[in-house]
Amino acid sequence: MSNEILATKSVTKAYQMEGSRLEVLRGVDLSIMKGEAVCIMGSSGAGKSTLLHILGTLDKPTLGKVYYQGEDLTRKSDDQLASFRNKKMGFVFQFHHLLPELTALENVSLPARIGGLSKTESLQKAANLLKSLGLEQRENHYPSELSGGERQRVAIARALVQDPEILFADEPSGNLDQDNGEVIQDLFFKLQQDLGLTLIVVTHDPEFAKRFPKIFRLKNGTFIKQ
Amino acid sequence: MHLWLYRKVLFQKKAFADPATFFSILGISLGVAFLVVSMAGFSGFMVSLKSSIIDVTGDVSVSKRGARIADPAEVIQKILDSSPEIKDVMSYARKEGMVASKGKLRIVLLQGIDWSNVANMAEFKKRQVSVLEDSSERIGTPALLGKVVAQNLELGVGDAFKMIVPKVSRAQATEVDSGVDSYYVHGILDFGKFEFNERVVIADLKKVQELSEMDDQVNGFRVRLFDSDRAPQVADKIQEALGWDYSVRDWSMTNRSLFKAIAYEKRVLFFVMLIMLVAAFFNVSTTLFLSVLRRYSQISVMRALGLKRRDIIGLFCLHGLALGVFGLFFGLITGLLFCYGFDALQLVYPIMPEEVYKMSSFATHLTLIDIVWVIVATLLICFISTLAPAFRGSRLSPVEGLKYE
Numbered sequence: 001m002s003n004e005i006l007a008t009k010s011v012t013k014a015y016q017m018e019g020s021r022l023e024v025l026r027g028v029d030l031s032i033m034k035g036e037a038v039c040i041m042g043s044s045g046a047g048k049s050t051l052l053h054i055l056g057t058l059d060k061p062t063l064g065k066v067y068y069q070g071e072d073l074t075r076k077s078d079d080q081l082a083s084f085r086n087k088k089m090g091f092v093f094q095f096h097h098l099l100p101e102l103t104a105l106e107n108v109s110l111p112a113r114i115g116g117l118s119k120t121e122s123l124q125k126a127a128n129l130l131k132s133l134g135l136e137q138r139e140n141h142y143p144s145e146l147s148g149g150e151r152q153r154v155a156i157a158r159a160l161v162q163d164p165e166i167l168f169a170d171e172p173s174g175n176l177d178q179d180n181g182e183v184i185q186d187l188f189f190k191l192q193q194d195l196g197l198t199l200i201v202v203t204h205d206p207e208f209a210k211r212f213p214k215i216f217r218l219k220n221g222t223f224i225k226q
Numbered sequence: 001m002h003l004w005l006y007r008k009v010l011f012q013k014k015a016f017a018d019p020a021t022f023f024s025i026l027g028i029s030l031g032v033a034f035l036v037v038s039m040a041g042f043s044g045f046m047v048s049l050k051s052s053i054i055d056v057t058g059d060v061s062v063s064k065r066g067a068r069i070a071d072p073a074e075v076i077q078k079i080l081d082s083s084p085e086i087k088d089v090m091s092y093a094r095k096e097g098m099v100a101s102k103g104k105l106r107i108v109l110l111q112g113i114d115w116s117n118v119a120n121m122a123e124f125k126k127r128q129v130s131v132l133e134d135s136s137e138r139i140g141t142p143a144l145l146g147k148v149v150a151q152n153l154e155l156g157v158g159d160a161f162k163m164i165v166p167k168v169s170r171a172q173a174t175e176v177d178s179g180v181d182s183y184y185v186h187g188i189l190d191f192g193k194f195e196f197n198e199r200v201v202i203a204d205l206k207k208v209q210e211l212s213e214m215d216d217q218v219n220g221f222r223v224r225l226f227d228s229d230r231a232p233q234v235a236d237k238i239q240e241a242l243g244w245d246y247s248v249r250d251w252s253m254t255n256r257s258l259f260k261a262i263a264y265e266k267r268v269l270f271f272v273m274l275i276m277l278v279a280a281f282f283n284v285s286t287t288l289f290l291s292v293l294r295r296y297s298q299i300s301v302m303r304a305l306g307l308k309r310r311d312i313i314g315l316f317c318l319h320g321l322a323l324g325v326f327g328l329f330f331g332l333i334t335g336l337l338f339c340y341g342f343d344a345l346q347l348v349y350p351i352m353p354e355e356v357y358k359m360s361s362f363a364t365h366l367t368l369i370d371i372v373w374v375i376v377a378t379l380l381i382c383f384i385s386t387l388a389p390a391f392r393g394s395r396l397s398p399v400e401g402l403k404y405e
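Top to bottom, those sequences are chains G and B. FYI, the numbering used here numbers position 75 of the first sequence as 75, with every residue one higher than the one before it. FYI, the numbering used here numbers position 142 of the second sequence as 142, with every residue one higher than the one before it.
The shape of chain B in the complex, shown without the other chains (with noise of 0.2 Å):
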């Protein structure tokens, strides 16, 4: 390969000054752009759901089968043992209830949590609308709601509300009856899912346990680890260690076959935005087409001086990719524009209807195996819609292009 004939002769700055060339990089750089954002936007919301998921239930979720956990210090051991993958295990109490507050009423799922340790998490952290700074006057159990939660029944922070959870009647099996305490909003959270954030309150473990009367039982276990895609494997340990009374449902579980979907249409819209980028294609193949024509007597000198067929093909195939390369890089980073440009104005406007998505934003997600997919289908294209010309180049014959000047 005469790489230094290449950057002699076709490799000059006039070739790229060439409007043909100009528009093949510009229909390439497009189409890489669209490609990029199309499977960001596809990786993001499919990492936004896992993490609204994850924040929530935990990584691996463990609750007993019909029951409640009455010895929880030796289940979250024997949990612990089953893996070094684990990173903490926290019990939770649930429990469904209602929210009451200036004569209004919502269903809502109670979940009870260590409260010392609400402040700290990560999860909820990020996840804050808005908190009380100062809850030293409020009287009742501190809970943080969900954001719908919060809108529907008109509560900021710092509001009073009541919470009603129902009970079996001690007196009478036969009867219901209702554990009401006060609580105070200590914080609003966006779940950043629908069902979670038009239904979870959270509040202290001990304070759900004492409404519901569950003594010191558990309903179940929020398990996390360090690295939430091991979740299939390290649940199958948990379930091992525990056996088949318990119930070890890890994140992929939830919303199986919406991850499925997902991923199924990520994949589609991959070869659909692919074709798109094959017909930006057809511009660098009439562009080298061109180029062969113009460049006839030359590809004739060329031959009667020695130059092989194979180094012609070699010629036109590396200008060709060159052109590939720029289009690609100008459009991975076109992309990549586009991508913060998105993530900014969901941040103004919201451009995801929640009832249809459950989702009301999401931040796009730029995966390496997609880059490198991008990348390899790209030069693969590039690389086939370069070969007609280069073949093209070196079948003519050297006579004819030394007649003319």
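This is chain G alone, in the form it adopts within the complex (with noise of 0.2 Å):
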């Protein structure tokens, strides 16, 4: 039994503009195992988006497979998509995207509750993962109360609440300064040793991604070097 995690075939992705084609990947394949840490590089324009958006199911390919340990999810519908993702995945995205009109505690709480848990249990759960990173006295604060940096570790406990076994993470600290930024960086490393997560990363920051055992680059929709 292989240890491969996620994969792609043949994946293409290609929007019709205005009578023309944009092939914005074109036939990409890899392979990620279990707890691996990875980072996907590319210029602006590259795909490195889009690919991270069809890894964690926000999109569907054009042309092509995705699998989850040998699954084919391009088969699954969007809403048994939806639980997929709310069990096995987690996300950061550039900006936080927290809900304005929930509490720290309570946008954390959030994928939780979607799944199904009580409402004591999730706080629970979301409380202790706030309390790991750090946020404790933020717990009742609204999104609007909290600086960059805290932020987007608020939005890192939330991809964390429900235990996922794969964490995405789009540009987490392009959007903070130097110091915040690598704040956050350092956690995205911790985590994955602490808890063995697989840890897929977009960025176009070559000093983060240095940090990565293994990179994929893209160019023009493909991978040029692995």
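Wrong hints could be hidden among the right ones.
Ranges of calculated distance between the beta carbons of each label pair, as one might list FRET restraints [what the hints assert, rightly or not]:
hint : chain 1 : residue 1 : chain 2 : residue 2 : range
1    : B       : L293      : G       : G70       : 36 to 42 Å
2    : G       : G19       : B       : V268      : 49 to 55 Å
3    : B       : L293      : G       : D78       : 39 to 45 Å
4    : G       : G70       : B       : D18       : 30 to 36 Å
5    : G       : L63       : B       : L293      : 27 to 33 Å
6    : G       : T120      : B       : V325      : 28 to 34 Å
7    : G       : G70       : B       : F329      : 54 to 60 Å
Derived from the structure by calculation, the hints contain no laboratory data. Every residue, glycine too, gets a C-beta built ideally from N, C-alpha and C.
Hints given; two lone chains; assemble the complex.
Put into structure tokens, the structure is as follows:
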């Protein structure tokens, strides 16, 4: 039995734009092992975010397949994929995307409650996570009352609340100053090691990318070197 | 359905303070209020018409075909035995006659009923315009006049007049005599229906029988029931008990086509008003579309975190229904206030031309079934109006909304 957790086969993503066809990804093949920390690099418009979205089942490829432990994810319905994401995947975006009407604690507990966990249990789990990230004083603060770094840490806590197998991050430090950015970067590697997560990060920051043992470089929709 | 998520995210004070939401609720409220007023108006018109007919003719009226009834007591017993739903039976004598006063003459329908009961009869008490307090010094027979009869003859309470009825001469059958008696106005009534107000004079049965030389014969009976709506069924039973020598008519047979026309118009107006409400619900759709667009990134995040499409549909449908429920609530209250306003205004200004509508006024009347129809129709249209924006929200690609802050 292979240790492969996520793989793509000939993934192509194309957009139809005013009569012309724009291919963002062209037959991408990749394989990611369980517990690996992987970085996807490339210049703007290279298709790295699109690839991350396809790997994270937020988008579907125009052609090709995406496999999770050998299971073809492109065959699943939207609602089946929603449940799958909720249980197996965590996401951190460049912009924190916390819901402004919810407190930090409620934001973190959101995936657990969507997943069917009771209010008490999910809040307890969220509180533990916030504490482990040093945000126990911020539980009842709204996103507008938090600093940029704090918001991103809350977003990380939210991504971890369902104990995912894979953590996706799209430019997680791209919107932060250098100090805060480094704190967040360190946090990712610590979590990956502590929790045994598979970490897939998209960045165009070469310093951040250097820290990953495995880097995929995208150019014009294909990998140039692995 | 994630009710908690709806309560936390969409059901916010801030969202309801938004002008689009405010105007949506206002639109629904006005639509519902007009619907309520029109239903209450039609129901009120029907109820007033029904009660004015019943107060004069009874729930069921019984008469003998082509003849007077010589044995009233026996017939009354038969009527009472025919159904337990009968409250009381009252004999009446009726005679076309003329009222003469101050040199004026008017043709009237003189009705004789048991006078000892008249003062206590609720249906006449509530219709009193004015009544004589002390009749000790009056000479003649006391009578109750329809208000138009009194107006036409310029009669007030206490005034004396002559009652003239034609009668076939006993000496020679081909000649007509007249019987004359002195009467005075004991009270003036508003029967609620123009035809009754301009024609009916009520007096004691015995006096009418004497004047018309009817001996103890009566023309028929007014039957009162515990439940007026059961009149057709009870009328059938009475008809069965008395046989076909007797004519048995329930109140709904009088003006049957008018009642049918009003019921039909009410239905038509309900749908016309519903179209207005549909227009109001376009506002709800627009508000929800705006909300979907404004919350694009939030919808995307929630989808990324595992919220299913049907949950997104549920959230926005619920929001639309919340607007509908608020609109419905305020609309019902506004509608009721309009009804009270209409009723109060009628007391001061007679809005309805009596000659056209046969009634000078009517009180609005809102039935439970009307309210249920208004609520069901409003919520149904509301639900339909939420579907398009809710489906739009559920079909948004999660990716697009995540690109920007």
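Has the hinted range 54 to 60 Å been met by the Cβ atoms of G:G70 and B:F329? Hint holds: Cβ distance 56 Å, inside 54 to 60 Å.
Take a look at whether the Cβ-Cβ distance between B:L293 and G:G70 falls inside 36 to 42 Å. This hint holds: roughly 40 Å between Cβ atoms.
When you take the CB atoms of G:L63 and B:L293, is the distance between them in 27 to 33 Å? Holds - the Cβ-Cβ distance for G:L63 and B:L293, about 31 Å, lies within 27 to 33 Å.
Taking 28 to 34 Å as the stated bounds, is the beta-carbon spacing between G:T120 and B:V325 within them? holds (30 Å)
State, for the Cβ atoms of G:G19 and B:V268, whether the hinted interval 49 to 55 Å holds or is violated. holds (53 Å)
Outcome of range test on Cβ distance (B:L293, G:D78; 39 to 45 Å): violated (20 Å)
Could you see if the CB distance from G:G70 to B:D18 stays within 30 to 36 Å? violated (49 Å)
Checked against the numbered hints given earlier, this structure breaks hints 3 and 4; the rest are met.
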